[in-house]
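Heads up: the protein sequence lines correspond to chains A and B, in order. Start counting the first sequence at 1; every next residue gets the next number (this note's numbering). Start counting the second sequence at 1; every next residue gets the next number (this note's numbering).
Hints listed in this document are in silico derivations from the structure and should not be mistaken for laboratory results. On a predicted model such as this, the values are computed, not experimentally measured, just so you know.
Non-contacting residues of chain A with respect to chain B, defined by C-beta distances greater than 12 Å in every case (computed):
1. 7
2. 44
3. 49
4. 58
5. 59
6. 87
7. 88
8. 132
9. 200
10. 202
11. 225
12. 273
Chain B stretches covered by chain A per the calculated footprint, using a threshold of three residues with CB under 8 Å from any CB of chain A:
13. 106-116
14. 180-190
15. 206-214
16. 239-247
Yeah, the Cβ is synthetic: ideal placement off N, Cα and C, and Gly gets one too.
Letter by letter, the chains look like this.
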Amino acid sequence: MSILIDENTRLIVQGITGREGTFHTEQMLEYGTKVVAGVTPGKGGQEVLGVPVFNTVKEAVEATDANTSVIFVPAKFTAPGVYEAMDAGLKLVLTIAEHVPVHDMMNVYHRAKKMDVRVIGPNSFGVISPGKAKAGFMAHRIFSPGNVGIMSRSATNCYETVFMMTNRGIGQSTCVGNGGDMIPGSTFVDTLPLFEADPETKVIVMIGEIGGSEEELAAEYIKKYVTKPVIALIAGKNAPKGRSMGHAGAIVGADGTGSAENKEKKLKEAGVLIADSTQNIIEILETIPGTK
Amino acid sequence: MDLMEYKAKELYDQYTIPTMRGIVIDNLDDLESKASGLTFPVVAKAQVQVGGRGKAGGVKFADNLEELKEVSSSILGMDIKGHIVKKLLIVEKLEVKQEWYLSIILDRLTKGPMVIFSSIGGMDIEETAKTSPEKVLKAGIDPLLGIKEYLPRYLLSKSGCDMVYFDQLYDLLYKIYKMFCEYDCTLVEINPLVISSDNKLVALDGKVTVDDSALTRQPDILEFRESLPDDELILEARRFRFLYIPCEPDGDVAVMSNGSGMIMSCIDLISQKGMKVGAALDLGGGATADRIKEAIRIILSNTKIQMLFINIFGGITRCDEVASGVKLAVEELAENKLILVRFEGTNKDKGMEILESIQGNVVAVDGLREGVQELDARKGQL
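With the hints as extra help, turn the sequences into a complete structure.
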């Protein structure tokens with residue numbers, strides 16, 4: 001087991017004929033991912049690395065029975081790409097691009113909830129279930145199969161953690177890149193139920209950061225429903241304070257939501273183990289019996 | 001991207017949101033001709049991107065042209081918390097019956113727009129939100145529905161305001177929400193929203209934040225940003241698509257990395273050791289030798305910085321490219337500042353060889369924590 005993607009995933013790459021799309025399709029195929037179709041408007045009928053290309057996602061789904069899509073298109077085409085994938089009936093859509101306008105993601109988020117579609121990203125490295133499949137652009141060599149499930153708002157902090165874990169012989173069941181944007185398609189609370197239900201995942205690592213309320217929401221959920229050990233890192237304790245205009249931010253954050261202190265406090269109350277650095281995550285993992 | 005009040009007012013005027021008649025000046029020569037259409041008394045307001053301008057003397061009243069010349073000359077050029085006043089907004093003064101608060105914010109919790117309203121507006125709104133949260137109303141907007149008439153009805157009814165303002169508030173909400181969506185805003189705030197002596201709702205101040213990621217489709221906001229005085233290093237970094245982040249003014253350590261998460265982790269670890277980070281630079285993707293060289297040049301031109309920690313972990317990043325960039329930068333550096341380099345990715349061995357060949361104060365470290373320990377060991381030696 002693992003979550004979200006595995007050897008049975010039948011993946012579409014939207015934007016497969018682009019430079020990034022082609023390069024990462026090659027990487028994903030090399031890793032063993034079943035990339036069954038690509039989509040680029042106007043390039044239908046071609047092939048990229050042996051993968052058939054279609055003009056629309058709907059045609060790709062009808063011809064190949066694909067069940068997941070990863071979108072390698074520039075930021076301004078990201079929202080239309082997600083809508084197309086959702087309307088073609090896909091229930092898992094991953095978006096990679098940085099700098100997607102937040103209003104686009106706001107509309108995608110609400111549409112996805114209504115259609116019961118799981119969107120991951122944008123500004124995310126994607127999802128990898130080591131040894132089985134990857135959808136995204138992460139450097140797969142540093143990952144190794146194991147029983148620790150990871151979800152992260154930051155790609156670089158996740159890489160750092162995974163690199164040290166693998167060096168110490170601790171592997172991962174699945175790593176999910178939530179992405180660093182203001183409105184991500186999925187947040188920690190969306191992924192936690194999957195890790196809790198996955199028999200292969202024994203420990204959950206959550207790499208968060210200051211700002212927003214994802215960690216606070218996760219703490220509430222963990223307190224009620226999660227039985228597995230959870231380790232959390234909140235990055236950005238000493239980050240320079242942003243120049244925030246107006247009063248609205250202070251009104252919304254009047255209860256302390258968003259600060260590292262508040263997040264750590266809420267998570268501790270939920271029984272989560274707090275790490276103070278990426279290296280400390282590994283030190284804590286090594287104290288939990290059965291972690292491998 | 002935070003807009004200054006005068007730019008926010010321009011947008012409000014464009015959406016026919018009621019504001020006070022006014023002018024913008026950036027020098028005293030224009031004052032007399034521009035002010036000729038205004039009815040005194042007026043208010044002159046410093047245009048700076050920092051709060052607390054009123055208390056700093058950046059807002060003054062004038063009853064006639066002579067007084068206006070006086071206050072304008074005292075405010076233009078004034079230093080407000082390190083921001084020099086380059087522009088002045090002068091608007092007609094209004095007799096005010098009551099001050100309300102109104103904003104639409106992109107709320108991270110509900111992932112959608114949210115209206116915040118209070119019948120007790122003005123400078124103390126944050127205090128009110130803390131001490132009497134029930135007096136500050138919040139209501140989510142479904143982006144698939146937009147503003148419906150029950151929203152202003154709820155705001156007025158719940159806060160005990162007179163329903164006589166329903167039409168005006170509905171119209172106002174409709175317009176600011178339209179602007180919020182069309183201009184990719186994450187905040188539109190009117191504080192105070194006042195009731196004039198003839199019972200009209202008027203926006204007396206405006207704070208607008210536009211999503212940076214949307215600037216490519218907001219050409220007039222992009223143009224406004226280019227016109228702003230900003231930290232020279234921020235502007236220089238932006239030319240190369242880097243993000244330069246000023247941190248503590250007296251910090252002597254700089255951090256460079258290829259992602260905001262790693263930058264935050266580095267700053268956290270360095271701060272834990274009691275050192276101060278003065279600046280950080282996010283390279284983003286594409287760490288080629290030329291870009292690394294430029295990034296080092298930019299961050300080290302901050303004269304306070306004595307030590308630079310470069311931490312690159314990209315997986316597909318080529319370490320030999322990073323090392324070559326460091327080499328190029330060091331050859332052109334005037335001062336002998338310490339550069340610590342840590343990288344993981346492809347061609348690491350080749351990268352290490354290049355680093356070792358550099359004649360200069362460059363040290364390779366293996367790991368994030370090791371790098372911070374090395375910084376700690378060397379602080380004060382330069």
